[in-house]
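Chemist: Sequence:
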Amino acid sequence: MDFTRKARFVAGGHTTDTPTSLTFSSVVSRDSVKIAFLIAALNEVDVMACDIGNAYLNAPCREKIWFEAGPECGEIQGKVCKLVRILYGLKSSGAAWRAMFSTFIQEKLGFTPTRIDPYVYLRKSYKVKPEAGTSGTSSELGPNTSSSAGDAYYEFLLVYVDDDVLAVSQRPKEIMEAIGKEFEIKNNDYGPPSIYLGAGVSQFTIPGSDVKCWSMESQKYVKSAIQTVEDLLAEDGRELKGGKRSHAGPLPTNYQPELDTTRE
0 MDFTRKARFV
10 AGGHTTDTPT
20 SLTFSSVVSR
30 DSVKIAFLIA
40 ALNEVDVMAC
50 DIGNAYLNAP
60 CREKIWFEAG
70 PECGEIQGKV
80 CKLVRILYGL
90 KSSGAAWRAM
100 FSTFIQEKLG
110 FTPTRIDPYV
120 YLRKSYKVKP
130 EAGTSGTSSE
140 LGPNTSSSAG
150 DAYYEFLLVY
160 VDDDVLAVSQ
170 RPKEIMEAIG
180 KEFEIKNNDY
190 GPPSIYLGAG
200 VSQFTIPGSD
210 VKCWSMESQK
220 YVKSAIQTVE
230 DLLAEDGREL
240 KGGKRSHAGP
250 LPTNYQPELD
260 TTRE
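Going by numbering that gives the first Met the number 0, 125 is the number at position 126 of the sequence shown; the sequence numbering is gapless.
Wrong hints could be hidden among the right ones.
Now the in silico label distances, taken between C-beta atoms and shown as ranges [what the hints assert, rightly or not]: (1) 109 / 59: 16 to 24 Å; (2) 22 / 50: 18 to 26 Å; (3) 240 / 6: 20 to 28 Å; (4) 208 / 11: 34 to 42 Å; (5) 109 / 22: 24 to 32 Å; (6) 113 / 150: 15 to 23 Å; (7) 224 / 117: 23 to 31 Å; (8) 233 / 69: 31 to 39 Å; (9) 226 / 28: 20 to 28 Å; (10) 222 / 190: 39 to 47 Å; (11) 114 / 223: 43 to 51 Å; (12) 114 / 254: 23 to 31 Å.
Distance condition first, Cα-Cα at most 20 Å in a straight line; then the derived DMTMM-like pairs of lysine to aspartate or glutamate [said to hold, decoys possible]: (13) 63 / 50; (14) 107 / 181; (15) 5 / 181; (16) 180 / 238; (17) 123 / 43; (18) 240 / 229; (19) 222 / 209; (20) 211 / 43; (21) 180 / 209; (22) 180 / 50; (23) 211 / 150; (24) 81 / 188; (25) 107 / 50; (26) 81 / 50; (27) 211 / 230; (28) 90 / 62; (29) 240 / 230; (30) 90 / 106; (31) 107 / 216; (32) 185 / 150; (33) 90 / 150; (34) 5 / 50; (35) 172 / 50; (36) 211 / 106; (37) 33 / 162; (38) 172 / 162; (39) 219 / 230; (40) 5 / 238.
No wet-lab data here; the hints were simulated from the structure. From the three backbone atoms N, C-alpha and C, an ideal C-beta is built for every residue, glycine too.
Work out the full structure, taking the sequences as your base and the hints as a guide.
Modeler: Shown next as structure tokens:
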């Protein structure tokens, strides 16, 4: 251990009043994620996920913000500077990144946002028929638009702020590589997800068949929530009550609402 620590230059967003229209971000719904996993199983395609590092720093600033340069700015210390790129801490950072990344997804990758969930993007493609001695994938960037290649299907791209980008495709690696050419993927690490939106993710095969499916479990999410509560209580010198419970549920064992005849 060399005691190296990470420092980040951030903005004090709490000191500014930002219009509500600039304070939203890309938040894909959990139901959309579950449907995407189902579609992946039905179409027998792969799923990959990645995390974009320092994503906000790529987006142009949508507000007019000036600041006085400090010692960290070197020779221009003391001068008044205009912020060109978004910093973490601004209320508008999420919206600025969302606008930039959405434009990239649509114009460079050819995806279109869905009407029900605007943070789920799709594009039509055709499955590549594997030939002898090949892997069944194409090295050409973008969707396979040749209808003679195979069955038609839709590729999906799901976005949750800047932490989770999920690709559902026969060729998800090519999508991840295309994103990696434009933005920095954290640790250059992408592949089948093991956790998404706080929930554990795993792939399994249905017994008696070759069908591969995806499952989401809440064990990691619940453990993380409990740990958060314990940390907050510890700050006040308190602790979460433990001990063995007399029953597993939150309601009394003799609770029978179906027998309740009182007036509502």
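Chemist: Each hint should be assessed against the structure and marked as holding or not.
Modeler: Hints and how they fare:
In this structure the supplied range 16 to 24 Å holds for residue 109 paired with residue 59, their Cβ-Cβ distance being about 23 Å. Evaluation of the 18 to 26 Å hint for residue 22 and residue 50 yields a pass: the beta carbon distance comes to about 22 Å. Between residue 240 and residue 6 the C-beta distance comes to about 39 Å, which lies outside the given range of 20 to 28 Å. As the Cβ distance of residue 208 to residue 11 is approximately 56 Å, the hint placing it in 34 to 42 Å is violated.
Taking the beta carbon of each, residue 109 and residue 22 are about 29 Å apart, inside 24 to 32 Å as hinted. Checked against the hint of 15 to 23 Å, the pair residue 113 and residue 150 passes, with Cβ atoms roughly 21 Å apart. Checked against the hint of 23 to 31 Å, the pair residue 224 and residue 117 passes, with Cβ atoms roughly 27 Å apart. Hint check: residue 233 to residue 69, Cβ distance near 34 Å, so the stated range 31 to 39 Å holds.
Remark: the range hint 20 to 28 Å for residue 226 to residue 28 is upheld by a beta-carbon distance near 25 Å. The hinted range of 39 to 47 Å is not satisfied by residue 222 and residue 190, whose Cβ atoms lie roughly 23 Å apart. Distance hint check: the CB atoms of residue 114 and residue 223 are about 33 Å apart, inconsistent with the given range 43 to 51 Å. Here the CB-CB span from residue 114 to residue 254 is close to 43 Å, at odds with the stated 23 to 31 Å.
Between residue 63 and residue 50 the alpha-carbon distance is near 29 Å, which puts this suggested pair outside the 20 Å criterion. The hinted pair formed by residue 107 and residue 181 meets the criterion: a straight-line CA distance of about 10 Å does not exceed 20 Å. The straight-line distance between the Cα atoms of residue 5 and residue 181 is roughly 24 Å, outside the 20 Å bound, and the hint therefore fails. A hinted pair counts as satisfied when its Cα atoms are at most 20 Å apart, and residue 180 with residue 238 does not qualify at roughly 47 Å.
For the proposed pair residue 123 and residue 43, the alpha carbon gap of about 16 Å is at most 20 Å, so the pair holds. Distance check on the hinted pair: residue 240 and residue 229 sit about 10 Å apart at the alpha-carbon level, within 20 Å; holds. Our distance criterion of 20 Å between C-alpha atoms is broken by residue 222 and residue 209, whose separation comes to about 33 Å. For the suggested pair residue 211 and residue 43, the alpha carbons sit about 7 Å apart, so the restraint of at most 20 Å is met.
Between the alpha carbons of residue 180 and residue 209 the distance comes to roughly 35 Å, so the proposed pair goes past 20 Å and is violated. Between the alpha carbons of residue 180 and residue 50 the distance comes to roughly 14 Å, so the proposed pair stays at or under 20 Å and holds. Using a Cα cut-off of 20 Å, the hinted pair residue 211 and residue 150 holds, with the two alpha carbons roughly 19 Å apart. For the suggested pair residue 81 and residue 188, the alpha carbons sit about 34 Å apart, so the restraint of at most 20 Å is broken.
Distance check on the hinted pair: residue 107 and residue 50 sit about 19 Å apart at the alpha-carbon level, within 20 Å; holds. A hinted pair counts as satisfied when its Cα atoms are at most 20 Å apart, and residue 81 with residue 50 does not qualify at roughly 29 Å. The straight-line distance between the Cα atoms of residue 211 and residue 230 is roughly 39 Å, outside the 20 Å bound, and the hint therefore fails. Taken as a hint, the residue 90 and residue 62 pair is honoured in the structure, with Cα atoms around 10 Å apart against an allowance of 20 Å.
A threshold of 20 Å between alpha carbons decides the hint, and for residue 240 with residue 230 the separation of about 13 Å falls inside it, so the pair holds. Distance restraint check for residue 90 and residue 106: the Cα-Cα separation of roughly 26 Å exceeds the 20 Å cut-off, and the hinted pair is therefore not satisfied. Among the hinted pairs, residue 107 with residue 216 is inconsistent with the structure: their alpha-carbon atoms are about 34 Å apart, more than 20 Å. Taking the CA atoms of residue 185 and residue 150, the gap is near 34 Å; set against the 20 Å cutoff, the hint is violated.
Restraint check for residue 90 and residue 150: not satisfied, since their Cα atoms lie roughly 44 Å apart, outside the 20 Å limit. This hinted pair checks out: residue 5 and residue 50 have alpha carbons roughly 18 Å apart, not beyond 20 Å. Straight-line distance between C-alpha atoms of residue 172 and residue 50 comes to about 14 Å, which keeps the hinted pair within the 20 Å bound. Pair hint residue 211 plus residue 106 does not hold up; C-alpha atoms about 32 Å apart against a cutoff of 20 Å.
About 18 Å separates the Cα atoms of residue 33 and residue 162, which keeps this hinted pair within 20 Å; it holds. With a C-alpha separation of about 18 Å, the suggested pairing of residue 172 with residue 162 holds against the 20 Å cut-off. At most 20 Å may separate the alpha-carbon atoms for a hinted pair to count; residue 219 and residue 230 meet this at roughly 16 Å. As the CA atoms of residue 5 and residue 238 are separated by approximately 31 Å, the hinted pair breaks the 20 Å bound.
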